[in-house]
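Top line first, the protein sequences correspond to chains A and B.
Per my numbering, the very first residue in the first sequence carries number 1; after that it's consecutive.
Per my numbering, the very first residue in the second sequence carries number 336; after that it's consecutive.
No lab work stands behind these hints: they were computed from the structure.
What you are looking at is a predicted structure, and each value in this text was computed from that prediction instead of being measured.
You may find that some hints are simply not true.
[As the list claims (entries may be wrong)] For lysine to any residue, the following SDA-like pairs were computed, each having C-alpha atoms within a straight-line distance of at most 25 Å:
{"id": "1", "chain 1": "A", "residue 1": "LYS221", "chain 2": "B", "residue 2": "ALA558"}
{"id": "2", "chain 1": "A", "residue 1": "LYS59", "chain 2": "A", "residue 2": "GLU47"}
{"id": "3", "chain 1": "A", "residue 1": "LYS108", "chain 2": "B", "residue 2": "ASP455"}
{"id": "4", "chain 1": "A", "residue 1": "LYS221", "chain 2": "B", "residue 2": "SER554"}
{"id": "5", "chain 1": "A", "residue 1": "LYS108", "chain 2": "A", "residue 2": "ALA330"}
{"id": "6", "chain 1": "A", "residue 1": "LYS221", "chain 2": "B", "residue 2": "GLN725"}
{"id": "7", "chain 1": "A", "residue 1": "LYS221", "chain 2": "B", "residue 2": "GLY727"}
{"id": "8", "chain 1": "A", "residue 1": "LYS59", "chain 2": "A", "residue 2": "GLU79"}
{"id": "9", "chain 1": "A", "residue 1": "LYS108", "chain 2": "B", "residue 2": "ILE454"}
{"id": "10", "chain 1": "A", "residue 1": "LYS108", "chain 2": "B", "residue 2": "PHE382"}
{"id": "11", "chain 1": "B", "residue 1": "LYS410", "chain 2": "B", "residue 2": "PHE487"}
{"id": "12", "chain 1": "A", "residue 1": "LYS221", "chain 2": "B", "residue 2": "ASP722"}
{"id": "13", "chain 1": "A", "residue 1": "LYS221", "chain 2": "B", "residue 2": "ALA557"}
{"id": "14", "chain 1": "A", "residue 1": "LYS221", "chain 2": "B", "residue 2": "ASP553"}
{"id": "15", "chain 1": "A", "residue 1": "LYS108", "chain 2": "B", "residue 2": "VAL456"}
{"id": "16", "chain 1": "A", "residue 1": "LYS108", "chain 2": "A", "residue 2": "ARG139"}
{"id": "17", "chain 1": "A", "residue 1": "LYS108", "chain 2": "A", "residue 2": "VAL55"}
{"id": "18", "chain 1": "A", "residue 1": "LYS108", "chain 2": "B", "residue 2": "ASN379"}
{"id": "19", "chain 1": "A", "residue 1": "LYS108", "chain 2": "B", "residue 2": "PRO380"}
{"id": "20", "chain 1": "A", "residue 1": "LYS221", "chain 2": "A", "residue 2": "GLU273"}
{"id": "21", "chain 1": "A", "residue 1": "LYS108", "chain 2": "A", "residue 2": "GLY236"}
{"id": "22", "chain 1": "A", "residue 1": "LYS221", "chain 2": "B", "residue 2": "PRO724"}
{"id": "23", "chain 1": "A", "residue 1": "LYS221", "chain 2": "B", "residue 2": "ALA560"}
{"id": "24", "chain 1": "A", "residue 1": "LYS108", "chain 2": "B", "residue 2": "LEU453"}
Below, each chain spelled out in residue letters.
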Amino acid sequence: MSNRSRAIAVIIVALLFAAGAVAAWESFWRERGYSPILYDDRDLWAEHRLRAGTVDQQKNFTVVGASRIQLAFSTLAFEAAVPGWQAISLAINGHYPVAVLEDLAADKGFSGVLLVAVDARGLAHWYHDMSTPWVRHYRRDFGPQRRLERRLLSALQQRLVVVGSDFNLVRRIEGWIEGHPPPQHYTRLQPDRTIAADYRRADVPGLRQHFTDALAADYLKHPPPSPERWRADLEGIAAAVSTIRQRGGQVVFLRMPTADSHWELDQRNYPRELYWDQLEEATGALTLHFADYPELAGLELPDTSHIDGRDRARFTRSLVEILVEAGMIADPASR
Amino acid sequence: MTFDSLTFALFIVALWGIVALSRGWRLRKTELLIASYLFYAAWNPVFIWLLVVSTVVDWHAARRLHACHGAGQRKAWLLLSVAVNLGLLSWFKYADFFIANYNGITGWLGLANFQAPLIDVVLPIGISFYTFQTLSYTFDVYRRRIDPGRDFLDYALYVSFFPQLVAGPIVRYEQFAGQLQQARVMTAANVETGTALMVAGLFLKTVLADSLFAPVVDSGFAAAASIGTLAAWSGILSFSGQIYCDFAGYSLCAIGAARVFGFVLPRNFHAPYAAVGFSDFWRRWHITLSTWIRDYLYITLGGNRHGRSRTLGNLVVAMGLGGLWHGAAWTFVLWGLAHGLWLVLEHGLRPLARRATWLGSRMMQPVWMAVTFVTVTLTWVLFRAEDLPQAGSYYRALLTASGSTMGTPAWLALAAMAALLAWHVAIRSVEIEAVYARWRWPLRAIFVALLLAAVLLSPGENRAFIYFQF
Chain A
1 MSNRSRAIAV
11 IIVALLFAAG
21 AVAAWESFWR
31 ERGYSPILYD
41 DRDLWAEHRL
51 RAGTVDQQKN
61 FTVVGASRIQ
71 LAFSTLAFEA
81 AVPGWQAISL
91 AINGHYPVAV
101 LEDLAADKGF
111 SGVLLVAVDA
121 RGLAHWYHDM
131 STPWVRHYRR
141 DFGPQRRLER
151 RLLSALQQRL
161 VVVGSDFNLV
171 RRIEGWIEGH
181 PPPQHYTRLQ
191 PDRTIAADYR
201 RADVPGLRQH
211 FTDALAADYL
221 KHPPPSPERW
231 RADLEGIAAA
241 VSTIRQRGGQ
251 VVFLRMPTAD
261 SHWELDQRNY
271 PRELYWDQLE
281 EATGALTLHF
291 ADYPELAGLE
301 LPDTSHIDGR
311 DRARFTRSLV
321 EILVEAGMIA
331 DPASR
Chain B
336 MTFDSLTFAL
346 FIVALWGIVA
356 LSRGWRLRKT
366 ELLIASYLFY
376 AAWNPVFIWL
386 LVVSTVVDWH
396 AARRLHACHG
406 AGQRKAWLLL
416 SVAVNLGLLS
426 WFKYADFFIA
436 NYNGITGWLG
446 LANFQAPLID
456 VVLPIGISFY
466 TFQTLSYTFD
476 VYRRRIDPGR
486 DFLDYALYVS
496 FFPQLVAGPI
506 VRYEQFAGQL
516 QQARVMTAAN
526 VETGTALMVA
536 GLFLKTVLAD
546 SLFAPVVDSG
556 FAAAASIGTL
566 AAWSGILSFS
576 GQIYCDFAGY
586 SLCAIGAARV
596 FGFVLPRNFH
606 APYAAVGFSD
616 FWRRWHITLS
626 TWIRDYLYIT
636 LGGNRHGRSR
646 TLGNLVVAMG
656 LGGLWHGAAW
666 TFVLWGLAHG
676 LWLVLEHGLR
686 PLARRATWLG
696 SRMMQPVWMA
706 VTFVTVTLTW
716 VLFRAEDLPQ
726 AGSYYRALLT
736 ASGSTMGTPA
746 WLALAAMAAL
756 LAWHVAIRSV
766 EIEAVYARWR
776 WPLRAIFVAL
786 LLAAVLLSPG
796 ENRAFIYFQF
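Next up, chain A with everything else stripped away, as it sits in the complex (with noise of 0.2 Å):
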């Protein structure tokens, strides 16, 4: 055999193993019932960011929030009940908006209809840059190379479960070492950025407990502002507002529904007409509290702050009769 003919064989020989010991873990876990899942990240969210200041913006409605828009909305939903629109999710799991809101507002390209779902404390001045490195990811450090890589990427943890960062060897030999197997998520990723919650898999009475107590710890940790206080922060936002409504644009502010102790808690840090009520008139934005609504206030909600994925063409379909209503979309049974 020739020094050609070795390191031939050597590259081969490895790629073929590598490929091998990837099959092998791929079957390993499909045969225990895992399932490809996407992962979202700062890349997914820039993609769709782009997407937000370049689509055709007469019919762009973009969401910005946290997980309970995530959950709660549905692109095809709202795609399906008002034709010819656009619907682009850029809510973050776990982090308030409002940075991303004045990104909006400083892109030129974006005059669609913005619906920021966000309740009083994500207004406060504790949660303002909260999504910032998301914004900086995508002004920064977003360009042609990590555009590809992350379509590249999300073509793959579409097909292969061991894409996914719950796969990761080592996270496996230390799940091996503590008995833990990889999690069942009862959440899927969608490709639009909208989650879809089973909560026939999830661990309700643990996950009510969960959120609470996240959300008392939190009110002790960051504890409103005073409302003269919480009022004058939202000056920053009211220009964000300002800003795309003279390009045209519009902003309407959605506080989501949450219930039981969630909903008491949230109540006594943040009573309802001392802040959230003063909101419109500070900002100039049509505000939507879900306790008006009937058909918000009646979704059921498991973990006292989310809904189920097989409400959300329910839920969707019910925002959009209310912002025909309100005037914010052209209704589309008049055409």
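Starting from the structure of chain A, add chain B where the hints point.
Quick look at chain B alone, frame taken from chain A:
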């Protein structure tokens, strides 16, 4: 574009195919130059102009200063090159650092009206590396160590060659010019060695640095104010592993990517955690930067030519500036100064070692190795901490006894760190590439196959290469 990305895998395979099929060395070099600029533009096309400016200015400055005979004129051309390169570096990397410090001083003096807003400028990737590379060229021509290049295309490729463009190794012109003059041979052996080096580098980066060490480090430093002693030690020992595997992994990928096209780049790491003493450490850690600092900073400051105290002062200043090169923060400056101090102490202890010969005996080597490693590891706290208060909290946690437990990830990271140390001791005096070349081909195949499988089975923990931020 990073070496641990899918796009880079496609890029290098496509480029190798194009270059291999092309006839003529000049055409191949042109293809490599275009590909290198594409590689850089893939991150942010806007910053291509920085690369162009740095290349054109140094090319002309070096030619002019070489042609001049008057000392004043030569200095003027050298100063132009230094001003342009360090000016760009200062603006993009240090402007906010200077402004923040200026604001701190004016605030302390009660001159609130004199505060300046931060610029918040984007740091162009790799600027610290390619500016130092082009500066080394101008300095060498100025010192008449080399003649300026005759072919602009060759010079442009020397500056922008994609494997070393964004994070080194910092290549000297004399190391690369000869390789550009004669056609590189793209042999199967080069492809195999290059691939093996890249796979080994990716293993260090994705499996060890990102998957094994980084989670322990991140959780440790995130809880710096409340962390217990045991967890603090596991965190900083893991950072020793992470920073080595991250950067040495990148360097191996760079050397391997160059090798598949037939180029040889200088070694950047050689078992640094098996160093005996701090001078030895810097001969083994980021070798191309430490030699750059020695040749162009320490020697320019006077080196050891002006007496003992000036020599030691030069060491501290050079290391402090070397620290500042790593990042625009006082933590990095202190990290560099601390290393300068360790070098001064080592110099100070040398007469003692000459009198008591047992101190330098072979039996004492493991002791000095351990002292060096522990000191280097403790000094990493300054490098990793986000600010001085966090560094202070972390040192308190390390040096005061308080109860804490370690989870499975920390134990695994410590086991990996122990293996890494043992490996460094084993290869301390060995050329690992030569050892690989001596193996029979089935063994080489198994070695590459196992590392590649581990890399492919370690997704989702991707973190940017630490040295990209420098």
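Okay, the hints, checked on the actual structure:
1. A:LYS221 to B:ALA558: The given pair, whose Cα atoms are some 16 Å apart, holds under the 25 Å limit.
2. A:LYS59 to A:GLU47: With Cα atoms ~19 Å apart, LYS59 of chain A and GLU47 of chain A stay inside 25 Å; holds.
3. A:LYS108 to B:ASP455: holds (21 Å)
4. A:LYS221 to B:SER554: holds (20 Å)
5. A:LYS108 to A:ALA330: holds (23 Å)
6. A:LYS221 to B:GLN725: Holds. LYS221 of chain A to GLN725 of chain B sits at ~20 Å (cutoff 25 Å).
7. A:LYS221 to B:GLY727: holds (24 Å)
8. A:LYS59 to A:GLU79: holds (10 Å)
9. A:LYS108 to B:ILE454: Roughly 22 Å between the alpha carbons, so the hint for LYS108 of chain A and ILE454 of chain B holds.
10. A:LYS108 to B:PHE382: holds (23 Å)
11. B:LYS410 to B:PHE487: With a Cα-Cα distance of about 22 Å, the restraint between LYS410 of chain B and PHE487 of chain B holds, given a limit of 25 Å.
12. A:LYS221 to B:ASP722: holds (23 Å)
13. A:LYS221 to B:ALA557: Measuring from Cα to Cα gives roughly 17 Å; hence the hint holds.
14. A:LYS221 to B:ASP553: holds (22 Å)
15. A:LYS108 to B:VAL456: holds (21 Å)
16. A:LYS108 to A:ARG139: holds (14 Å)
17. A:LYS108 to A:VAL55: holds (13 Å)
18. A:LYS108 to B:ASN379: Answer holds: LYS108 of chain A to ASN379 of chain B is near 21 Å, not above 25 Å.
19. A:LYS108 to B:PRO380: holds (21 Å)
20. A:LYS221 to A:GLU273: Holds, at roughly 23 Å.
21. A:LYS108 to A:GLY236: Given that 25 Å is the threshold and the Cα spacing comes to 17 Å, the pair holds.
22. A:LYS221 to B:PRO724: holds (21 Å)
23. A:LYS221 to B:ALA560: holds (16 Å)
24. A:LYS108 to B:LEU453: holds (24 Å)
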